[in-house]
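Sequences and hints are given; from them, build the entire structure.
Each residue of the sequence shown is one higher than the one before, counting from 1 in this note's numbering.
Because the hints were derived from the structure by calculation, they are not lab data. Owing to the predicted nature of the structure, the values given are computational and were not obtained by experimental measurement. A portion of the hints provided could be inaccurate.
Stated by the list, open to error - Okay, derived cross-link-like pairs now, SDA-like style, lysine to any residue, Cα gap no bigger than 20 Å in a straight line:
{"id": "1", "residue 1": "Lys56", "residue 2": "Phe9"}
{"id": "2", "residue 1": "Lys56", "residue 2": "Arg68"}
{"id": "3", "residue 1": "Lys56", "residue 2": "Val19"}
{"id": "4", "residue 1": "Lys56", "residue 2": "Ser13"}
{"id": "5", "residue 1": "Lys56", "residue 2": "Asn12"}
{"id": "6", "residue 1": "Lys56", "residue 2": "Gln41"}
{"id": "7", "residue 1": "Lys56", "residue 2": "Thr25"}
{"id": "8", "residue 1": "Lys6", "residue 2": "Met23"}
{"id": "9", "residue 1": "Lys56", "residue 2": "Val73"}
Said to hold, decoys possible - The calculated label-pair distances, taken between Cβ atoms and stated as ranges, are:
{"id": "10", "residue 1": "Trp7", "residue 2": "Pro31", "range": "16 to 24 Å"}
{"id": "11", "residue 1": "Ala37", "residue 2": "Val73", "range": "39 to 47 Å"}
{"id": "12", "residue 1": "Val53", "residue 2": "Met1", "range": "23 to 31 Å"}
{"id": "13", "residue 1": "Leu49", "residue 2": "Phe9", "range": "19 to 27 Å"}
{"id": "14", "residue 1": "Ser2", "residue 2": "Tyr59", "range": "44 to 52 Å"}
{"id": "15", "residue 1": "Ala52", "residue 2": "His74", "range": "17 to 25 Å"}
Idealized CB from N, CA, C, for every residue including glycine.
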Amino acid sequence: MSEYEKWLFTANSTLGLSVLGLMVTILLAYPLAGALALSVQIAAHIGTLVFAVGIKVAYVARLVFLSRLGRPVH
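What follows is the structure, encoded as structure tokens:
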């Protein structure tokens, strides 16, 4: 396995975990907000921003490594 394939796997994994984290924080920040303490709501809103940035960075990294491997970039 080449070095770029390892980085591609890492980018794909990070993308998946960021999507999962974003969904969890959105659920905590909005539908379940009434049942949570204010500090947890604040952390959920901050987490929403952090995970959204994680998705963007991981997606760009994925595109870069696909390109370096000579695979089609869609």
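Structure-based check of each hint:
Of the supplied pair hints, the one linking Lys56 and Phe9 holds, its CA atoms being roughly 16 Å apart against a limit of 20 Å. Annotation: proposed proximity of Lys56 to Arg68 holds, straight-line Cα distance about 19 Å (limit 20 Å). At most 20 Å may separate the alpha-carbon atoms for a hinted pair to count; Lys56 and Val19 meet this at roughly 10 Å. For the suggested pair Lys56 and Ser13, the alpha carbons sit about 13 Å apart, so the restraint of at most 20 Å is met.
As the CA atoms of Lys56 and Asn12 are separated by approximately 12 Å, the hinted pair is consistent with the 20 Å bound. For the given pair, Lys56 sits about 23 Å from Gln41 by alpha-carbon distance, which is inconsistent with the 20 Å threshold. The straight-line distance between the Cα atoms of Lys56 and Thr25 is roughly 16 Å, inside the 20 Å bound, and the hint therefore holds. Taken as a hint, the Lys6 and Met23 pair is broken in the structure, with Cα atoms around 26 Å apart against an allowance of 20 Å.
The hinted pair formed by Lys56 and Val73 meets the criterion: a straight-line CA distance of about 16 Å does not exceed 20 Å. Remark: the range hint 16 to 24 Å for Trp7 to Pro31 is contradicted by a beta-carbon distance near 36 Å. The hint said 39 to 47 Å for the Cβ distance between Ala37 and Val73, and at roughly 44 Å that hint holds. Our hint of 23 to 31 Å for Val53 and Met1 holds, since their Cβ atoms are close to 28 Å apart.
In this structure the hint that Leu49 and Phe9 lie 19 to 27 Å apart at CB holds, the actual value being about 26 Å. As the Cβ distance of Ser2 to Tyr59 is approximately 21 Å, the hint placing it in 44 to 52 Å is violated. As the Cβ distance of Ala52 to His74 is approximately 21 Å, the hint placing it in 17 to 25 Å holds.
Figure legend: structure checked against the earlier numbered hints; hints not met, in rising order: 6, 8, 10, 14.
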